[in-house]
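**Student:** Protein chains in written order, with our numbering: chain A, 1 to 244; chain B, 245 to 451.
I should point out that these hints are in silico values taken from the structure, not numbers from a laboratory. Treat each hint with caution, since some may be false.
[Said to hold, decoys possible] The calculated DSS-like cross-link candidates involving lysine-lysine, where the alpha carbons are at most 25 angstroms apart (straight line), are:
#1 Lys332(B) / Lys357(B)
#2 Lys118(A) / Lys34(A)
#3 Lys423(B) / Lys357(B)
#4 Lys34(A) / Lys301(B)
#5 Lys118(A) / Lys423(B)
#6 Lys76(A) / Lys192(A)
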Amino acid sequence: MTAKRRAARAPHTFQAYADGDQPRWVYGLYGRTKTRHPRRAPSGFAPTPAEVTGPAFFGPPLAAGENDLTRRGPGKPRAIGDVILVTGRVLADDGRPLEGVLIEAWQANAAGRYRHRKDDHDAPLDANFDGHGRAVTDGDGGYAFLTIKPGPYPMPGPVWRTPHLHFSLFGGGFFNRLITQTYFPGEPLNGKDPIFNGIRAERARRRLMMTPEGEPGAAHPECSMRYSFDFVLRGAVETPFEGR
Amino acid sequence: MKAPTKRRRAPTPFQTVGPFFPHAFCPPEARDLTRVRAGDGRAQGQIIHVGGRVLEKGGGPVTDAVVEIWHADAEGVFPHPADPRGLKADPAFAGFGRAAADAEGRYGFLTVKPGAYPLPATNLWRPPHINVAVYAAGITRRLVTVMYFPGEALNDTDPLLATLESEALRERLMAVPEKSRRAPQGVTGWRFDIVLMGRGETPFFAE
Chain A
1 MTAKRRAARA PHTFQAYADG DQPRWVYGLY GRTKTRHPRR APSGFAPTPA
51 EVTGPAFFGP PLAAGENDLT RRGPGKPRAI GDVILVTGRV LADDGRPLEG
101 VLIEAWQANA AGRYRHRKDD HDAPLDANFD GHGRAVTDGD GGYAFLTIKP
151 GPYPMPGPVW RTPHLHFSLF GGGFFNRLIT QTYFPGEPLN GKDPIFNGIR
201 AERARRRLMM TPEGEPGAAH PECSMRYSFD FVLRGAVETP FEGR
Chain B
245 MKAPTKRRRA PTPFQTVGPF FPHAFCPPEA RDLTRVRAGD GRAQGQIIHV
295 GGRVLEKGGG PVTDAVVEIW HADAEGVFPH PADPRGLKAD PAFAGFGRAA
345 ADAEGRYGFL TVKPGAYPLP ATNLWRPPHI NVAVYAAGIT RRLVTVMYFP
395 GEALNDTDPL LATLESEALR ERLMAVPEKS RRAPQGVTGW RFDIVLMGRG
445 ETPFFAE
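Whenever a hint applies, use it, and build me the whole structure from the sequences.
**Tutor:** In structure tokens form, the structure reads like this:
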């Protein structure tokens, strides 16, 4: 039996998420959690092949420019707002870069308005901004998105969302599929955002903070700033045959 | 014997999907697991339709829910290198599907009834089952559960079902046969409502 086949047939497991490093299931300032969090706490963690296996890619092949949210298509006019570059790597929790990971990204425009039928708040749409894109990580686990810095927007409350980007990642397993949001350092609304602050531990909130890097315009001629952010996805561990 | 695991970094935390997940990421093809590409052949096995409503406390629809499923093909093989038997799955079977809920909170998938598969290093086989993940505004991470089929003998020894503390909870994860108007002619329909909270609440599993 080849090493690859032996590895494939070994039992795999993975670490449970530490509850304190994840957002609370319910809290008053994020009103919708009050009707959408299970009373019976999720339980019974028992990783099986159905959790260890999973999709790494999904949907049609990437089109040219799908990671450029500043234009609705190559050659089309640019959207309004601060052009920023968001780059980084997707890593497993043992530090290994993950290649071929699909990242879906979406966000509001510079005025804080989403191009979505459910967003009817009073900020203007930008005809040149769709607000979603995709990228796949390269051999170093690297990805890049060219986009516009989103504006803050109001939720029912009224409370306001601080500027943020949405990401969805396919880590190659059902168990390490991740949907998250990343934040800009120094934003005055960061301390008041009910979704961001649903994560109690400051060290865990820090893991969602992007880092401004380098000189303006250095990374890309159109962009005022580059932000770096590494995603860390939990990895499967091959359990030894004996004793498990 | 494997070397001890070296120190691991903390994984990036979840955040809610929010109410504005792009429609572009939920195309109709994503709800059909019986084809990988338009124009390809159909997946092998019994074609089924699985669907239901995502509901919140009070029974109202979760109209911004996104439901994702993942499961083995009709022979119980996962399209993935870590398939427990190291087998190659049906190339026409997508394995993964995504559906956005409609204005009634309703979602649906066309797929194949999964086969059973062995748990590595045990004598157990898992019954046919479908992994389900739900995302929505107000769900601050994601909620995962498993859909099973009633009457399957292997349900009685499934390790995940066994972690549920009552027979009533296990019953809630059994799909209900249903003739759905949304299922094409001649396709077996199964109903699986996902109740996030309250009466008839679906049991969810920890991650």
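**Student:** Against the structure shown, which of the earlier numbered hints fail to hold, in ascending order?
**Tutor:** 5, 6
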